[in-house]
Structure formats: structure tokens, C-alpha cells
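Protein chains: 4
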Amino acid sequence: MQPKMTLIEMHSFFEQVFPQVKDKFEVLDLQPMAATVRMHVDEADLRPGGTISGPAMFALADVAFYIATLAMIGPKALTVTTSCNINFMRKPEPGDLLAKARILKLGRSLSVGDVELFSDGSDKPVAHASLTYSIPPK
Amino acid sequence: MQPKMTLIEMHSFFEQVFPQVKDKFEVLDLQPMAATVRMHVDEADLRPGGTISGPAMFALADVAFYIATLAMIGPKALTVTTSCNINFMRKPEPGDLLAKARILKLGRSLSVGDVELFSDGSDKPVAHASLTYSIPPK
Amino acid sequence: MQPKMTLIEMHSFFEQVFPQVKDKFEVLDLQPMAATVRMHVDEADLRPGGTISGPAMFALADVAFYIATLAMIGPKALTVTTSCNINFMRKPEPGDLLAKARILKLGRSLSVGDVELFSDGSDKPVAHASLTYSIPPK
Amino acid sequence: MQPKMTLIEMHSFFEQVFPQVKDKFEVLDLQPMAATVRMHVDEADLRPGGTISGPAMFALADVAFYIATLAMIGPKALTVTTSCNINFMRKPEPGDLLAKARILKLGRSLSVGDVELFSDGSDKPVAHASLTYSIPPK
Numbered sequence: 001m002q003p004k005m006t007l008i009e010m011h012s013f014f015e016q017v018f019p020q021v022k023d024k025f026e027v028l029d030l031q032p033m034a035a036t037v038r039m040h041v042d043e044a045d046l047r048p049g050g051t052i053s054g055p056a057m058f059a060l061a062d063v064a065f066y067i068a069t070l071a072m073i074g075p076k077a078l079t080v081t082t083s084c085n086i087n088f089m090r091k092p093e094p095g096d097l098l099a100k101a102r103i104l105k106l107g108r109s110l111s112v113g114d115v116e117l118f119s120d121g122s123d124k125p126v127a128h129a130s131l132t133y134s135i136p137p138k
Numbered sequence: 001m002q003p004k005m006t007l008i009e010m011h012s013f014f015e016q017v018f019p020q021v022k023d024k025f026e027v028l029d030l031q032p033m034a035a036t037v038r039m040h041v042d043e044a045d046l047r048p049g050g051t052i053s054g055p056a057m058f059a060l061a062d063v064a065f066y067i068a069t070l071a072m073i074g075p076k077a078l079t080v081t082t083s084c085n086i087n088f089m090r091k092p093e094p095g096d097l098l099a100k101a102r103i104l105k106l107g108r109s110l111s112v113g114d115v116e117l118f119s120d121g122s123d124k125p126v127a128h129a130s131l132t133y134s135i136p137p138k
Numbered sequence: 001m002q003p004k005m006t007l008i009e010m011h012s013f014f015e016q017v018f019p020q021v022k023d024k025f026e027v028l029d030l031q032p033m034a035a036t037v038r039m040h041v042d043e044a045d046l047r048p049g050g051t052i053s054g055p056a057m058f059a060l061a062d063v064a065f066y067i068a069t070l071a072m073i074g075p076k077a078l079t080v081t082t083s084c085n086i087n088f089m090r091k092p093e094p095g096d097l098l099a100k101a102r103i104l105k106l107g108r109s110l111s112v113g114d115v116e117l118f119s120d121g122s123d124k125p126v127a128h129a130s131l132t133y134s135i136p137p138k
Numbered sequence: 001m002q003p004k005m006t007l008i009e010m011h012s013f014f015e016q017v018f019p020q021v022k023d024k025f026e027v028l029d030l031q032p033m034a035a036t037v038r039m040h041v042d043e044a045d046l047r048p049g050g051t052i053s054g055p056a057m058f059a060l061a062d063v064a065f066y067i068a069t070l071a072m073i074g075p076k077a078l079t080v081t082t083s084c085n086i087n088f089m090r091k092p093e094p095g096d097l098l099a100k101a102r103i104l105k106l107g108r109s110l111s112v113g114d115v116e117l118f119s120d121g122s123d124k125p126v127a128h129a130s131l132t133y134s135i136p137p138k
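The listed protein sequences derive, respectively, from chains A, B, C and D. Heads up: the first sequence is residues 1 to 138, going by the working numbering. Heads up: the second sequence is residues 1 to 138, going by the working numbering. Heads up: the third sequence is residues 1 to 138, going by the working numbering. Heads up: the fourth sequence is residues 1 to 138, going by the working numbering.
If you're looking for bench data, these hints aren't it; they were derived computationally from the structure. Errors might be hidden in some of the hints.
It does not matter which identical chain is meant; a pair holds if it fits inside one copy or across any two.
Unchecked claim - Heads up, simulated DSS-like pairs for lysine-lysine below, C-alpha to C-alpha not over 25 Å straight-line:
no., residue 1, residue 2
1, LYS4, LYS22
2, LYS24, LYS76
3, LYS76, LYS138
4, LYS76, LYS91
5, LYS124, LYS100
6, LYS105, LYS91
7, LYS124, LYS4
8, LYS91, LYS138
9, LYS22, LYS76
So here's chain A without its partners, still in its complex pose:
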């Protein structure tokens, strides 16, 4: 099953619907049931000790899984998170974060999967999230 949206269509959709965060997140790749997203980390994301805040990492996991799902079902902005479980495993390096999202089950009303977060240039995950999104009826 191929994505219904191209990278260019996704960028365009994202700019329209989430103007407040369009410069924060960059969709790097869309594959069947998968997406890769970069988060530009800035001062507001940092916490004491130089680490990236939990909410910033949650936001990246959330948006990456949203994008992986939308790419498969088409642009339905009202698709919403119903649950997320996130484990923080390592202190991120200074710099941007990358998220690799994969869908494990795409049903009519739910999309279920997980996301790994990496510091740019590292292959050791800093966090791992499991997410469920609710897909609005047609």
C-alpha cells in the first residue's frame, strides 16, 4: 500500500494547517507505513543540564506519527492522538532530533504504531514512543 500524499503535498498541507509549527518540523521522507521527520531544536526546548525537554520530544514523536498516518489516509486534519506511551532512554546530544515513525496497524478508525527518536548523526535511540491515533469517519 503506497502513501496517498507526496512529500511536496505533505509540506503544503502542513504549512496550511499548522502554520505555528511549520518551521519547527521538517518532513524528510515518506514511505509506505513510515515517515522520517526532523525537529529543529532551539533554546526554548532545552532544560537544566542541557537536555531537550520531555514535551519537545513528545511533540516530535506525536507529529511524526501523525504525518506517517496522514500520508497513508490523505489529509484529514482532525485525526487526533488517543494515547501515547513514551520512554526516555538517553540524554540527547546538542542539536536537532530525528524521528522514525512506523505504522503497525492501520484500521478504519485507528492507526497504531511506534516512533524512535535519535540525535542527528547517532543511531542510538534517545526515546521510544508507542502511539494510537483516531481517524475521523468519512
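Based on the hints, put chains B, C and D in the right spot on chain A.
Showing chains B, C and D alone in chain A's frame:
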């Protein structure tokens, strides 16, 4: 077991350590093993359909449990989230959100508990989160 | 909103539908949006060091939330768990376990809530679980 | 980093320490930071509608991650689950279940990772679990 920090000490600590979010969150109450925190919701927290974004609700749950924990152990800024499971249950009303955090287990190295989020003035939770924080060694 | 099933109706339903575990679990109390269930702990539930196995505690949390939900919606055996997050917090005492389940959101298609597990006679939770059940359409 | 235990050593350890479940679970493969385990499904694991019970699937996820962890750290029976998040995604086929566990972070005191469960012969996961195990100090 009584909290080690008063509401005034907590406000002062929070302003020093988290200047970037000190106007966003307001600690309303500290009790043994529990805290109540308000989040001032603004335009940047909203999403299509008028709902409050998942990351904003995660941020509130995270900070409320952090505050409940710090109140009990004293001001250790490097206390960090190790895991969070959050279920989004209802669309929040327009307006601020309140978080009620309770600690279920306070050990030497871990604090474990949960947080319920409410729209201001409602008693039906919009989200429920379970969190684990890692406490730095002395 | 009152439960649709009495304690006696629940016992009768449970014996019919789950004959393989009817002697393992005992429903002690049904309240609006809440249930209390006892698990009789035996040798097969124990693990090295004398602790109760994770799967046994999961089973108790799962069945307690199932019962709290069924009591509210009536006997729909095909109601199934869609997700569970469980944190193990303390080593249980030898002896039975009690579960206190509460429903936080009862919708048409989902029941969401949490369960605290206690060693019989103690008020310190040994585990805390958040669960979501899917309710079959009418 | 290579496993510290061979498949034969793991079988022998498992028989000694978990005699009550040694015929239930079969370790099929050990790799660096990964393990594959089969669960023999029998009548006691089934629920109304012919599905496999949630606790049985939890038990398989739990044991598979335990084995993946022990293989890397050596036979420390007192390694215990501290948290598990499990999403049930599809109704399993009749027959055995396979679990593929991977470790995402192996620290001195914690092992964090996830497990996918499959019906034997299918490549669509029926459930996905994220687990954290606590490793006892030396």
C-alpha cells in the same frame, strides 16, 4: 510525610529554573504526595477543531508530576521524566486546564504516579497520564 | 449513572463465560464506574524471590477493569482490551491481591480508566495500570 | 555486543528457574540485543470469540523481553519488570504465537525495549509491547 517545599518556595524555584515557562504554569496547591497546577492556554496551544494540542497537555501532566515530586524531595532540578503514558479522553473546553497529580510510590531513585487533567470548571477528566521520574542520587 | 448489573448477576455471568478462571477471581464490590476484585494467589503465580508474577498482576488489573466496565454496560462478553500500561511499584506481600478499578471515561465504543493493585491488608499500591477496552457495537 | 548465554544455556536456565512454565515457552533464537520466543497456546489461553487472552499475550511479551535481557547480562533471575505498555491490534489466528523482542537501551540498572507478537505464519503483528526491566545490582 509532609512536603519539603512551600507554595512560595516552589514559585520561587520555578521562576529561577524554568524562566521560559514560568508564566505558562501556575502551582495552585501542594499537599503530601500531591499537587494541583494550572496551565494558561493560549493560541499556540490550539489545534484544528479548537482542541488543545497533545504536546500542550503532555507538558502540563509532566510539569504537574515534576512539581508534586520536587515538593516532596526538595529542589533537585535534574529530576527527569523516564516514562509517560497518556490517554486523551475528551475534547477540552476552551480555556485553561488544571492538573491534579498524585504520587503512588516515592522511592530513593524513582517517583511513580499519575495525573488527571481537567478543563477549568469541569469534573470530567480530559486526559489521564501515568508518569515515572528518575531522582538523581545525593 | 448506576451499574446495570448486580453483584449476583456479575458472579453468575462470570461463572458462565469464564469457567476456567471463576475460582481465581472474586468480585467484592460494584459501584458506579468502579469495581473491587480479589485474586486468590497460588503457587503458580509466584516467581523467584517470592514475588507475584507480572502476568498474574496484569491478569487481575485486566479482569477488574473488564468487570467495572461490564457492570456499567451490561453483559457483553466480547468487550476486549485494546491497551494496557502497567507500572510495578512494590513487591507484593505474600497472600491475595485486591484490585480497585475506576472508569474515567465511558463512551459508546471505548471505556478508559485505571486500576490500583494492593496486597490484602495494605494501603500501599503494588502496581498501577491504565486500561482501554473496546466495546462492541450494539 | 554478543549475548552472554547460548540457546542451550538459556533453555537449561529456564527449566531450572521457571519449571512451572518451561513447556509453555520455547526460546527459538538469541541475537545481540534480540530474542525470538514461541508460546504454545492451549485451551486455557482462549477467551470468548476464540481469541487469545490479553494476560496470555502479556505473559509472552514479558518473558520474551526477559530472555532477550538475560541473554545479554547473564542469568540473573531476580531481574524484574518495572513497566509494560501493550497495544492489542489484531485478533490472533488460532495456533501458537511468536514474539520478537529487541532491546533499545541496555544500561546498568535498566533494560528498555519492545516486543512484537505474531500468529505463527503471519507477518502482521497482533500486539506490540514496550517494556522496562530493572536489573539487580551486582
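Any of the earlier hints contradicted here, and which numbers?
-> Of the numbered hints given earlier, the structure breaks none, since each of them holds.
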